[in-house]
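Student: So the chains spell out like this:
Number of protein chains: 2
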Amino acid sequence: MECNVPTDIVFSFSGLRRRGGGTADHADGWGLALYDGPSARAFLEPTACHDSPLARFLADNPIKTLLAIGHIRKKTRGKQSLANTHPFIRELWGKHWVFAHNGTVKSAKTLKLGKYQPIGDTDSERAYCHLLEGIRASFRDPPKPRELWEAVADIGGRIGRKGTFNFLMGDGRHLYARCATKLCYLIRKAPFGEARLQDDDVTIDFSAVTTPKDRVAVVSTVPLTTNEEWTQGEPGNLWVFDQGTLKATLPSA
Amino acid sequence: MECNVPTDIVFSFSGLRRRGGGTADHADGWGLALYDGPSARAFLEPTACHDSPLARFLADNPIKTLLAIGHIRKKTRGKQSLANTHPFIRELWGKHWVFAHNGTVKSAKTLKLGKYQPIGDTDSERAYCHLLEGIRASFRDPPKPRELWEAVADIGGRIGRKGTFNFLMGDGRHLYARCATKLCYLIRKAPFGEARLQDDDVTIDFSAVTTPKDRVAVVSTVPLTTNEEWTQGEPGNLWVFDQGTLKATLPSA
Chain A
4 MECNVPTDIV FSFSGLRRRG GGTADHADGW GLALYDGPSA RAFLEPTACH
54 DSPLARFLAD NPIKTLLAIG HIRKKTRGKQ SLANTHPFIR ELWGKHWVFA
104 HNGTVKSAKT LKLGKYQPIG DTDSERAYCH LLEGIRASFR DPPKPRELWE
154 AVADIGGRIG RKGTFNFLMG DGRHLYARCA TKLCYLIRKA PFGEARLQDD
204 DVTIDFSAVT TPKDRVAVVS TVPLTTNEEW TQGEPGNLWV FDQGTLKATL
254 PSA
Chain B
4 MECNVPTDIV FSFSGLRRRG GGTADHADGW GLALYDGPSA RAFLEPTACH
54 DSPLARFLAD NPIKTLLAIG HIRKKTRGKQ SLANTHPFIR ELWGKHWVFA
104 HNGTVKSAKT LKLGKYQPIG DTDSERAYCH LLEGIRASFR DPPKPRELWE
154 AVADIGGRIG RKGTFNFLMG DGRHLYARCA TKLCYLIRKA PFGEARLQDD
204 DVTIDFSAVT TPKDRVAVVS TVPLTTNEEW TQGEPGNLWV FDQGTLKATL
254 PSA
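Protein chains in written order, with the working numbering: chain A, 4 to 256; chain B, 4 to 256.
Extracted from the complex, chain A is given alone in its bound form:
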């Protein structure tokens, strides 16, 4: 979720967390990272989300944010452990960078590492460490946004040739979303209406909790709601969101 006004992610998270062992079998861990300026905090558990007391606590005690990344894990490589739980976080240029992956990068072991070392043993974290090192090494100083987006698309595309690399990444301001096989987004803006979750019997009327200027982008591998229009991603494309707006769609193949 990426917005132009601090927003709580309870509605979307309520749908997502049902898929963590309830309506879907992504039950090997879950995480939710919430930015506050350049800094992010993450709530992580190496267990199923759908019946987690911590996940319930977060739904009951909403934290507003401009940028959040959530993940539910169905393990392919790497055991069930905290170290292997997404999203992964590192610091670059004085900001937290948050990353979550869907898919398997089969030949991740061939990806070279530099400054960032994996803590766990997933393909995902290794791919992330390689990606972030590639971004860091591409620039002497923090670049202009467009140059940065192109670097993310370029390096993400090269990793994508080694496996299935759907990912979400935040840099404290932008949300990057790369589609390898499945990804979709929508932007909620005025006039706001009702939304109904796919995975739970929950409906919200956003017109009651928003102002006309609010913009909220939501990206997911599978649509979270049944009565809104989600835009499907093209495999090999990278979306960049800023202030609840799709700023760029870049080739990333």
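Just so you know, these hints were derived from the structure itself, not from any lab.
Treat the hints with care, as some may be off.
Since copy identity is lost for identical chains, a pair holds within one copy or between any two.
[As the list claims (entries may be wrong)] With a Cα cut of at most 30 Å, we get these calculated DSSO-like pairs of lysine-lysine:
1) Lys165 - Lys77
2) Lys67 - Lys82
3) Lys192 - Lys82
4) Lys185 - Lys112
5) Lys115 - Lys185
6) Lys67 - Lys77
7) Lys147 - Lys185
8) Lys216 - Lys118
9) Lys147 - Lys118
10) Lys77 - Lys216
11) Lys109 - Lys82
12) Lys115 - Lys82
13) Lys147 - Lys82
14) Lys165 - Lys250
15) Lys165 - Lys67
16) Lys165 - Lys115
17) Lys78 - Lys165
18) Lys118 - Lys165
Start from chain A and add chain B according to the hints.
Tutor: Frame of chain A, contents of chain B only:
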């Protein structure tokens, strides 16, 4: 807290969190980092701890760990924000390193930075980034424990000349505790007895929840209990704990 058997930190945390705006005025943020192997997760809020629903949740839903670092903040440099909330976490050699500081390093701005950049604007995080870069740059490969401890003591001592630098740091295995002005520890081991909190009307009988082999080291700036014997630190010394044992006391001045 550093132990030889997974232990929950609820008792100590219950005392500490009272000082976060209740029995003491460290009300500008709090954090609790809990290791699970080489990986740590942190719960952080830029607000007072003593009446925080999240802090209460953690007390009601204990997480066992071998190594935990908690902090309550009374701000001196840097505004009240998530980015300025201790403990700070970075990755080095494929492990999370967790750091919390008590005191003010007045000339922190003169400390050079390298690989690690501060996200917030505290003296504490800058000192930590400098310390971790110093450790990293001291070794080509991860060193033997004794060499590592000496590097921490040496670099910590040099930072300590620039201000008040009481700190706790974890590397996934060891707990480092440097005393500049105030720090104390105790080790709970068999025969276990009763402990009574300083800051709350709570007593626990550890003999009921332990085995004879258990060892738990607890380090704090101010003793957390009234009926146990805490060992005061010497200014300019660094303690290193491993498996609930004080492994080394090194000069760090």
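Student: All the hints need checking, so say for each whether the structure fits it.
Tutor: Each hint tested on the structure:
no.	hint	result
1	Lys165 - Lys77	within (20 Å within a copy, 48 Å between copies)
2	Lys67 - Lys82	between (32 Å within a copy, 19 Å between copies)
3	Lys192 - Lys82	neither (40 Å within a copy, 33 Å between copies)
4	Lys185 - Lys112	within (24 Å within a copy, 47 Å between copies)
5	Lys115 - Lys185	within (26 Å within a copy, 44 Å between copies)
6	Lys67 - Lys77	both (27 Å within a copy, 24 Å between copies)
7	Lys147 - Lys185	within (29 Å within a copy, 46 Å between copies)
8	Lys216 - Lys118	neither (41 Å within a copy, 40 Å between copies)
9	Lys147 - Lys118	both (22 Å within a copy, 21 Å between copies)
10	Lys77 - Lys216	neither (37 Å within a copy, 37 Å between copies)
11	Lys109 - Lys82	within (16 Å within a copy, 45 Å between copies)
12	Lys115 - Lys82	within (22 Å within a copy, 39 Å between copies)
13	Lys147 - Lys82	between (38 Å within a copy, 28 Å between copies)
14	Lys165 - Lys250	within (27 Å within a copy, 46 Å between copies)
15	Lys165 - Lys67	neither (36 Å within a copy, 38 Å between copies)
16	Lys165 - Lys115	within (13 Å within a copy, 39 Å between copies)
17	Lys78 - Lys165	within (18 Å within a copy, 47 Å between copies)
18	Lys118 - Lys165	both (21 Å within a copy, 28 Å between copies)
Violated hints for the displayed structure, listed by number in ascending order: 3, 8, 10 and 15.
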